[in-house]
Each structure stands twice: as structure tokens, then as C-alpha cells.
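Undergrad: Chains S and A supply the protein sequences, listed in that same order.
All residue numbers for the first sequence refer to my numbering, where the first residue is 51 and numbers rise by one.
All residue numbers for the second sequence refer to my numbering, where the first residue is 385 and numbers rise by one.
The hints are simulated quantities; they were obtained by calculation from the structure and are not laboratory data.
Given the structure is predicted, the values throughout are model-derived calculations rather than measurements.
Any given hint might turn out to be false.
Take a look, some chain S residues computed to stay more than 10 Å from chain A by CB distance [stated by the list, open to error]:
hint : residue
1    : E139
2    : W202
3    : G273
4    : A305
5    : Y308
So these bits of chain A aren't anywhere near chain S, every CB distance computed over 12 Å [as the list claims (entries may be wrong)]:
hint : residue
6    : R390
7    : P478
8    : S518
9    : L544
10   : V554
11   : L558
12   : W613
13   : I625
14   : G641
Which stretches of chain A does chain S cover? Using the computed rule of at least three CB atoms under 8 Å from a CB of chain S, they are [unchecked claim]:
hint : stretch
15   : 410-418
16   : 614-622
The beta-carbon is built from N, C-alpha and C at its ideal position, and this holds for glycine as well.
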Amino acid sequence: MHSLLRTFKVGMWLDYQIEANWTTPLIFFVYNIAKPVGSSLLLLAMYYVVTGSIMGTDALAFLYVGNAFYMVLSGVMMELGWVVQEDREHYQTLKYIYISPSSYYSYLIGRAAMRFFLQIFPLIFLMFIGIFIQVPYKIDAPLLIFTLIIGWLFMISAGMVLNSVTLLTARYGGAIGESFAGLFYLLSGVVFPVNILPWYLRNFALFLPSTYWFSLVRRSVLGKEIDPLLSQIPLPLCILLILITTAMFFSISLALYYLMNHLARKRGTLEMITTY
Amino acid sequence: MRNFLRAIKGRAYPRVVGALREPSWMFWDTFLPLLSISAYVFVYRALHAPKEFEGFVIIGGIMTAYWLSVLWGMASQFYWEKETGNLQQYLMAPAPLESILAGMALGGMFATTVRVVAILILGTLIFQVEMTVSNLPLLILIFIITLFALYSMGMMFASLFLLWGREAWVMSTLFQEPIYFLSGQNFPVKALGPIVAAIASIIPLTLGLDAMRQLIFPQSLPWALMSPWIELIFLSLLSVIFLILAIIFLKKMEWIGKTKGTILTRWL
Chain S
51 MHSLLRTFKV GMWLDYQIEA NWTTPLIFFV YNIAKPVGSS LLLLAMYYVV
101 TGSIMGTDAL AFLYVGNAFY MVLSGVMMEL GWVVQEDREH YQTLKYIYIS
151 PSSYYSYLIG RAAMRFFLQI FPLIFLMFIG IFIQVPYKID APLLIFTLII
201 GWLFMISAGM VLNSVTLLTA RYGGAIGESF AGLFYLLSGV VFPVNILPWY
251 LRNFALFLPS TYWFSLVRRS VLGKEIDPLL SQIPLPLCIL LILITTAMFF
301 SISLALYYLM NHLARKRGTL EMITTY
Chain A
385 MRNFLRAIKG RAYPRVVGAL REPSWMFWDT FLPLLSISAY VFVYRALHAP
435 KEFEGFVIIG GIMTAYWLSV LWGMASQFYW EKETGNLQQY LMAPAPLESI
485 LAGMALGGMF ATTVRVVAIL ILGTLIFQVE MTVSNLPLLI LIFIITLFAL
535 YSMGMMFASL FLLWGREAWV MSTLFQEPIY FLSGQNFPVK ALGPIVAAIA
585 SIIPLTLGLD AMRQLIFPQS LPWALMSPWI ELIFLSLLSV IFLILAIIFL
635 KKMEWIGKTK GTILTRWL
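Please construct the entire structure, taking both the sequences and the accompanying hints into account.
TA: Written out as C-alpha cells, the structure is:
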């Protein structure tokens, strides 16, 4: 246990060094918020060209808050989608981490934890900007903290699925991470209500932990659920559903990790270098 | 000249073959970008936007694929090649570096076009977007010149990103979402106001998207930034400027490499 925790801590430290030691903390902060701000502005512009305004309506609050929290999810997914390729092909250290006595799994969780932590700053910044466009915040702090913790667990599970896949694929981890995050963006009622989706996708969305996570986000930040479909689910049931789906997701990701890990060792892809 | 052409062919070859040989790339690059495109289409549907706005998203998604190819397959490529040890071989090869960049651009264009065609077909079919092309030859011309300008920009950044070292990755990341916003990826860039739109026009994507939107969706004319013909002229100018700058920066990079001797040093 002590060894796992130490690896976890080192993973976090390493992730911060890789991400941020190229510059000063201030410049890193600006860099870190550029993507979330750019993404939010894109959505606000889309909202503006349709409605002619960027001031507080429920639709705007839905879109803005969902996107701000999605940036946390997206950041973690992007990191975990790339980390295997980065270690294997860029730094070429994957094989050394593998043969070291530390656990690769806890190393990856450590890296995901730091990325999650780093994404909290842009989230706070975006929430602050939201005040200027009159997002009607009504924050339920205990629920928000619970939502963030359970969200982190779910994101790690999703990230481990990505890692497991990239153990066997060529250099395209970034795209995998982005695309996987795109799946949640599309299906989880992040920037539009789930009932807009065609029925088959809507049914699929209800099996994803991210759907309930974004519902909890809105309940904890806006004090209500705007989505017509998800608002029919009472809060306790919503919490229960996210716990169940996250546990399922975690179990699947763990099983997939061990399977892919075994296949990667068998096929010798831990040292693969792809330079198309 | 023969060496120049052979080097272009030689560098384009692995990308053309790689595009078809690596099935996982094909999957991630074609099917999965549709997810974010779909999400933006549904945003417009939720807001009850006019149907042509959904078409903007598809066109934006297509051009974004090229932008990503320019960023990750051109601009960051020399840095990546340095890290994997290929760059020194390019420098020693009896062919100019310009031909290597041109080969990367052609190969990258091909690989991206394969995916873009799939995205266009699937996106149009799934969302039933009606496209009424008002001037096909002009549309094709603008598309080609936009690609030329974009990849020239990528060639220019290739040397710069190599000199910037690790910050190359940072720049590539930084040039995604903010550029999607500034170039009007999913919305008419005129909405940003004339000053911001004019500044954003330095990115070929902005003018290319605006011109293509006008030619494919005539209903969007009230949102047009300027006439497609004028945008074509600007795009041509940008192409030439970026190409000249690419050659200048390439020479500069070679000079720094020879005088400081750090250009091939990894992990910088």
C-alpha cells in the first residue's frame, strides 16, 4: 500500500513537471485556461448568432456550466489518451517504468489525479466569467464536492480504458482521448438536453455515468436540473445511479487494463515506435 | 530538381501508405470526429437554429481536420522527427528540407482528405444537410488555395516549433480551441465584429470557411464577412507570404543548427 501511494505521488509530481516546468506558474495558468476559454467562447458565439444575446437564460446556463465542467473531463481524457504514447515513444521510458517495482496502474492514476487538479483552475475561472453573463448560480457546496470526487473516479475509469487501448495502438493517443471525450460530450447532455438526441442514443446515454455526473453538476451549481428528461430523476436516485454506473465502469476498465496489458507484453508493443 | 521531386515523393509515401495501413488511425480520424460535429449540430437543434447552421458545423468540422493535420502533422513534425531521430537523416540527405516539408504537406493532405470525404458523406447523410453550391469552380479554387495557405503556414511553423522545442506541443494545443473560436469554426465569423474578424483573417481557415459557407449555403450571405473573390485574393496572398516565411525560417533554423549545434539535441 505504501508503495502504491508513493507511485501515485510520483505520478502526480511527474505530470506536473511535464505539464508545467517549461514556464512560470503564471504563464502556465494562462496557457491552462486558453483551451477552456476558447471552447466556451465558441459556444457563446454559436448561442449569440442564433439568439442575438449572450445573457442569462436557462439554455445559456445549461450550455455554459456543462461546457465548463466538461473541460475537466476533456483534460483528463486527453492526458490519459496520450500518456502511454508519450512514455513509450516520446520519452521512451515506458519499458523502464514497467520493469521498475512500482505499479504502472497507480502511476497512471497519479498522473490523472494531477491533471484533474490542474483542470480545476480553469473551471474556477470559467465559473467566475459566468457571473458576467448572468449565469444564475445557486451552489450546493456538499453536493458539488461529492460530484467532483465521484467525477474524478469516473474519469479515471474512463481514462484507464483509453490507456488500455493505446497500449496496442500506434501514435494517435491524442486523437483517441479527444474522440473519447467527444463521446461523452455528445451523449451526456453536456451542452444540450439529452432529449434532443435520437431515441437510440438517448437510451444509451442513460447507461453512462457521465450523464448523471453532468446532471449532478447542474443540480449542485445551478440548484436545479434544466434537462427535461433528467429532471424527472430525483436527486437520491441520481446519486445512486452514478454510483452504480461508475462502479460498473471502474470494473470494466480494470478488466480491460489487465487484458490489454497482457496482450501488449505478449505482442511486444511496449517498445513500439511509430513515425509515419 | 530530380532529387527535389524524389524527396517529396519519398516523404509523402509513408503518410499515404500509413493512412491506409493503420486501421486504428482510419477509425479514430473518420468516425470519431463525427461525435463532436454531432454535438455541435445538436446544440443548434436545441436552440432551434436555421437548418443551414447545421451545415456550418459540418463544413467547420471538415476544415478543422485539415487544421489539426497542419498543427500536428506539419508544425510539430520536425520537433517530433528530432525526438525520434529522423531529422538528422533529413539534414544529411542530398535533398533540400523544403522538399521534405512539401512531401509531408502532400502526404498529410492526402491522408486528411481520405478522412474528410468520409466525414462529409456521413455528416451530410446523418443530418440531412442540404448544400446548394452556387459556384462550383470558385468553391474548388477557394478550397485548394485555403489548403495551400494552411499547409504553407504549417511549413512556416515547422521550423519555428523546432526552435521552440518543448513549447511546440504547447503551441499546438494553444492553437486549437482559441483558433476554432477566432476562425468561426461553427458560426459566421462576422458575429465577432469587424475588428476581431479582420485580425482573425490572418488565419487562412477564417477566410476559407467564410468563403465556402457563402458558396455552399447562399442563405448565409447576410453573415458574409466579404465577397468570396476578395477572400480568394487574400488567401492567395497569405499562401505566398507563408511560403516565403517558411523558406526564410528554414534557412534560419539551419543556420542556428550549424552555429549553435543544438538543433538535434533531444529533450530540449
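Undergrad: Confirm or reject each hint.
TA: Here's how the hints hold up against the structure:
With a least beta-carbon separation of about 7 Å from chain A, E139(S) fails to lie farther than 10 Å from that chain, contradicting its non-interface assignment. For W202(S), the condition that its CB be more than 10 Å from all CB atoms of chain A holds, with the nearest at approximately 22 Å. Separation of G273(S) from chain A is adequate, the least Cβ-Cβ distance of about 21 Å exceeding the 10 Å criterion. For A305(S), the shortest C-beta to C-beta distance to chain A comes to about 21 Å, beyond the 10 Å cut-off, and the non-interface label holds.
For Y308(S), the requirement that its beta carbon stay farther than 10 Å from each beta carbon of chain A is met, with the minimum near 21 Å. Even its closest Cβ contact with chain S, about 19 Å, leaves R390(A) beyond 12 Å, as expected for a residue assigned away from the interface. The beta carbon of P478(A) sits about 21 Å from the closest Cβ of chain S, which is more than 12 Å, so the claim that it is off the interface holds. With 12 Å as the threshold on Cβ separation, the claim that S518(A) sits away from chain S holds: the shortest Cβ distance comes to roughly 21 Å.
Residue-level check passed: L544(A) sits 16 Å from the nearest beta carbon of chain S, beyond 12 Å. Once the 12 Å rule is applied to beta carbons, V554(A) is inconsistent with being away from chain S; the minimum gap is 6 Å. Under the 12 Å C-beta cut-off, the non-interface status given to L558(A) relative to chain S is violated; the minimum distance is some 5 Å. Chain S leaves W613(A) outside its interface by the beta-carbon criterion, the shortest separation being 24 Å against a cut-off of 12 Å.
For I625(A), the non-interface assignment is confirmed: its Cβ lies about 25 Å from the closest Cβ of chain S, beyond the 12 Å cut-off. With a minimum CB-CB distance of about 20 Å to chain S, G641(A) clears the 12 Å threshold, and the non-interface call stands. Evaluation of the coverage hint for the stretch 410-418 of chain A: fulfilled, as 4 residues show C-beta separations to chain S shorter than 8 Å, against a requirement of three. Residues of the stretch 614-622 of chain A with a Cβ under 8 Å from some Cβ of chain S number 0, which does not satisfy the need for three, so the listed coverage is violated.
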